[in-house]
Structures are given as C-alpha cells and as structure tokens.
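Can you make the complete structure from the sequences, with help from the hints?
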Amino acid sequence: MTPNRSILTNRSVLNSDQFRRALSRIAHEILERNGGAGEIVLIGIHTRGAPLARRLSRLIGEFEGLSPPVGTLDVGLYRDDLASGAKPLMRPSHVPGSIEGKVAVLVDDVLYTGRTIRAAMDALTDFGRPKQIQLAALVDRGHRELPIRPDYVGKNLPTSRDEEVRVHTSETDGLDEVVLVTRTPR
Amino acid sequence: MTQAVESLAARRHVLDLDDFSRSEIEAVLDNAAAMKEVLQRDIRKVPALRGKSIVTLFLEASTRTRVSFEQAGKILSADVINVTGGGSSTEKGESLYNTALTLQAMNADVIVIRHPHSGAPHYLARHLAPSIINAGDGCHAHPTQALLDLYTIREKLGRIDGVTVAIVGDILYSRVARSNLWGLTKMGANVVLCAPPTLLPPDFIDGARMDETHPFASVRIETKVELALEGADVVLALRIQKERQKAGHLPSLREYSRMYGITSSRLEEASPGALVMHPGPMNEGVEIDPEVAHGARSVIEDQVTNGVAVRMALLYGLPSPARAGR
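Protein sequence lines correspond, in order, to chains A and B.
Mapping to numbering that gives the first Met the number 0: the first sequence position 53 is 52, numbers consecutive.
Mapping to numbering that gives the first Met the number 0: the second sequence position 148 is 147, numbers consecutive.
Among these hints, one or two may not hold up.
Said to hold, decoys possible - Covered by chain B, according to a simulated footprint, are these stretches of chain A (three or more residues, beta-carbon under 8 angstroms):
#1 62 to 76
#2 83 to 96
As the list claims (entries may be wrong) - Ranges of calculated distance between the beta carbons of each label pair, as one might list FRET restraints:
#3 Gly187(B) / Glu99(A): 42 to 48 angstroms
#4 Arg158(B) / Ser97(A): 31 to 37 angstroms
#5 Ser97(A) / Thr212(B): 55 to 61 angstroms
#6 Thr171(A) / Gly187(B): 23 to 29 angstroms
No wet-lab data here; the hints were simulated from the structure.
Just so it is clear, CB atoms sit at the ideal spot from N, CA and C, and this is done for glycine as well.
Rendered as structure tokens:
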C-alpha cells in the first residue's frame with residue numbers, strides 16, 4: 000500500500016459483551032429453527048470460523064444439554080481465485096463422523112462476497128450429503144457477488160468496499176471484538 | 000477474506016532445496032499436512048488445479064516418484080501426461096531442449112523432469128516458461144524426496160530441530176543425500192554421514208567444509224556404521240547400486256552388507272524408537288536387512304504416502320504461468 004498512503008481509523012463495532020450476546024442469540028436461533036440440537040453439525044471455516052463454531056457448540060450445550068459435534072473446513076483448494084495471487088497456507092480439514100442426513104451449519108466470521116461460502120459448500124459436499132446446509136456469520140458486511148444469504152447473523156454492518164472488518168476472538172487474539180477499519184486518503 | 004492470510008512464497012521452480020528458506024520448507028510441510036487429510040477422504044479429489052497440465056518427463060527409470068507425481072496431480076484435478084524415454088521422440092535422437100519445447104508448445108504448465116544428467120532441470124528452467132520440478136537429476140538433487148523425508152520425520156517425531164539423522168550408504172552418488180543435507184541442516188537437524196571412504200565426496204574428506212561458515216560445517220562423518228548409528232533418532236539407508244562394485248568403489252556387495260548393512264543388532268545402537276527410512280527402491284539384504292525394512296521401526300511405506308502429500312503441496316504452491324509472465 001505504499002503508493003497512496005492513507006490514514007487508518009479503527010472503530011469498534013462489537014465489544015466483548017455484544018460479541019457474546021450475538022453468539023448466544025445465534026445459538027438460540029439455530030436451536031429454534033432446527034427443533035433442537037440432535038441433527039446439527041457445526042462446521043467452522045478456517046481461520047476465525049473455527050473458534051466461533053466451537054463457541055456455538057458450547058453455548059448450545061449449555062442451553063440444551065447436548066453439544067453438537069464441531070468440524071473445521073479449509074476451503075483453500077476450492078477457491079475460485081487460485082489462478083491469481085499467492086497461495087495461502089492451509090490447515091487440515093476435519094469433519095466429525097458422517098454428515099449424511101445431518102444439518103450442517105457453516106460458521107464464518109465475516110460474510111462478504113459469498114465466494115468463501117461457495118467454496119465451503121463444495122468442500123463440504125466432498126465429505127458427504129448433508130440434509131441441509133445453513134450459514135451463520137458473526138458479521139454480514141454486504142457486497143455479495145453470488146446468490147448466497149446467511150441464515151443467522153450476529154450483526155449486519157453496512158460497509159464500503161475499501162473498509163475492512165476485523166474479527167478478533169479470545170481464542171486467536173486474546174480478545175472478543177469486531178473492528179471496522181476505514182482508510183481515508185491522506 | 001478480511002484477515003491477512005499467510006501465504007507461500009511465490010516460487011516458480013523446484014530445483015533443489017539449497018534456495019529454500021527454513022520458513023518456506025515449514026510452509027510446504029504445513030500445507031502437505033492439509034493435503035494428507037485429503038488423501039484420507041472417501042472422495043480423493045479437489046478442484047485446485049482444474050484445467051492445468053502437468054507433464055512428467057522421466058528419462059530415467061522410476062516407479063514411486065513418477066506415480067507419486069501423477070497421483071498428486073490427479074487428486075488436485077490437473078491433467079497429467081506421462082512421457083518416458085522409451086517410446087518418445089527421445090529415442091529418435093530428439094534433444095532434451097526440443098522435447099521440452101514441444102511440451103511447452105502444448106501448454107504444459109508444469110514439467111516434472113527426471114534426467115540422468117545433473118543440471119538438466121536447471122537448464123530447462125533457464126530457457127522455458129513452464130514451472131520445472133526436479134524429480135531427480137544425476138547425482139545432484141532430488142528435492143521432493145528430501146521434503147517427504149523431512150515431512151515424515153516431523154510427523155513421526157514431532158520436530159526436526161535437534162533430531163540426529165544418520166545417512167548411511169552411497170553418499171558420493173546420492174542425490175537423495177545431497178538434497179537431504181540441505182533440507183536437514185536448514186531445519187536444524189544433526190546430520191551424520193556414513194559410508195566407506197570410497198563412497199564419500201572428496202569435499203567431506205579433505206576438510207574443505209571445515210570453515211565454520213560452510214552450510215555443512217556441522218555435519219559429522221563416520222566410516223564405522225556402529226558409531227554413526229549411536230544415538231541416532233533417524234537412520235536413513237541409501238541404495239547401493241551394483242555398478243559401484245564394477246567401478247571399483249566396493250570390493251563386493253557382500254562385503255558392503257557385512258560392514259554397513261542396517262541390521263537389527265546394529266539398530267540397537269540407535270535411540271529407542273529410532274525411525275528407519277529408505278528412499279527406495281531397496282536392495283534388501285545389501286544396505287538393509289529385510290527384517291529391519293519391514294520391522295516395527297520402519298516408516299518406509301509412510302514415506303511413500305507422504306510423498307504424494309508433499310508433491311501435492313508443491314504443485315499447489317506454484318504460481319500460474321500467466322502470472323509468471325509467459
């Protein structure tokens with residue numbers, strides 16, 4: 000970013016309490032929509048989706064006495080932009096047991112263009128045929144490029160394309176917080 | 000994605016490990032771990048390299064390396080075309096350059112080459128647009144074998160740094176030993192090389208590497224196998240080719256076997272739980288006893304499986320030729 004330098008301003012859009020409440024609400028909504036936790040598998044998308052999926056499983060366990068199994072998915076091999084740019088580092092995917100006939104809830108931190116979710120659906124169906132795939136995102140920042148919509152949203156956050164949404168989780172960053180980073184040209 | 004992702008270095012060719020940094024090796028091994036998960040799925044196919052062409056050009060015999068590259072490319076959805084010396088225009092006397100130029104004209108994105116002459120892959124990399132992967136050139140280098148050996152050590156022992164690796168056999172002619180020397184020393188392993196003095200590179204005998212700044216300065220040389228194996232965490236046996244006896248390097252294979260063969264009793268000198276590795280193909284009963292090759296400490300079959308994962312990680316990491324400025 001050296002050619003046009005810009006000033007970065009950070010604005011907190013979810014503090015740790017709001018973060019926690021948003022996840023609790025999503026957990027309740029998942030239970031309500033699916034009539035319990037019996038058929039649910041939570042699939043977190045690397046990197047920040049993974050701790051969020053584990054958190055949702057724990058919350059559902061607290062509410063229902065049954066924690067749904069949690070998996071993680073790296074969608075690197077399924078991306079549609081592999082022809083351009085450096086290849087990202089990957090982590091092994093892990094899908095617990097069979098997802099055949101289950102309700103798989105994909106969990107991601109930020110929903111943006113929808114391309115990651117498209118890749119995640121392709122990746123997931125290589126592991127089996129779930130009865131249904133649902134989508135939970137902590138933040139929906141708009142600007143979809145594909146016909147994809149979330150089933151559960153922590154916060155709808157209107158953004159411009161040159162802004163950046165950073166999700167910090169206590170597991171990965173030591174703090175639960177969502178920050179909106181705005182660039183203003185100098 | 001909103002978060003900055005760590006990514007692989009944009010590497011166009013894989014010719015040897017001498018130009019890999021430690022962090023780049025670690026990145027390849029990390030990605031290989033993710034590839035290994037793909038190998039364990041019911042459906043072993045991912046779309047990452049859809050529409051890409053990989054040509055394996057093997058002008059020297061090979062089973063596992065060639066099949067391993069073919070398998071790796073196919074699991075990543077690339078089209079893999081195999082060319083060997085016999086049955087190709089090489090038999091009619093076509094030069095390596097012209098053969099490779101033809102493959103380039105047919106839009107090969109990656110050429111995986113094995114060649115009896117050291118430096119052949121480097122030569123192609125200098126003159127052609129596709130990415131070149133060295134699958135073994137003469138006595139020079141075999142970087143993908145070294146990477147799969149590193150991966151296997153890390154997978155089984157949890158680390159490479161501080162691990163003692165004894166490489167026993169035909170060091171003088173071994174491209175596996177050379178690439179492993181680069182890889183192991185960069186990753187912080189203690190390397191012990193063991194061979195009859197006639198099969199050690201002169202550099203290692205005449206003290207040229209005694210300078211502390213030499214990358215192999217810390218490498219220990221032993222001509223007695225019992226001393227080399229003492230405390231080793233990994234024993235890597237190399238194949239002894241029958242031709243060495245003809246060339247006068249060895250009195251006989253039987254004598255080599257008696258003096259240097261890896262046997263159960265010699266293995267007792269190594270650390271408890273030491274790994275036994277071999278790049279294959281093995282001459283059982285010469286450099287390694289069948290009982291050891293197929294024994295509890297042998298990870299020779301794991302090496303083969305890991306080879307596919309490591310080659311997938313390398314193929315995936317290469318930039319698209321369009322970006323490489325074709």
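Hint-by-hint comparison with the structure:
1. Coverage of a stretch by a chain is defined here by at least three residues with a beta carbon nearer than 8 angstroms to that chain's beta carbons; for the region 62 to 76 of chain A and chain B the count is 3, and the condition holds.
2. For the region 83 to 96 of chain A, the stated coverage by chain B is satisfied: 11 residues place a CB nearer than 8 angstroms to a CB of that chain, which reaches the threshold of 3.
3. In this structure, Gly187(B) and Glu99(A) meet the distance hint of 42 to 48 angstroms, their C-beta atoms being roughly 45 angstroms apart.
4. Between Arg158(B) and Ser97(A) the C-beta distance comes to about 34 angstroms, which sits within the given range of 31 to 37 angstroms.
5. Checked against the given bound of 55 to 61 angstroms, the beta carbons of Ser97(A) and Thr212(B), roughly 56 angstroms apart, stay inside it.
6. In this structure the hint that Thr171(A) and Gly187(B) lie 23 to 29 angstroms apart at CB holds, the actual value being about 27 angstroms.
Hint compliance for this structure: every hint is met.
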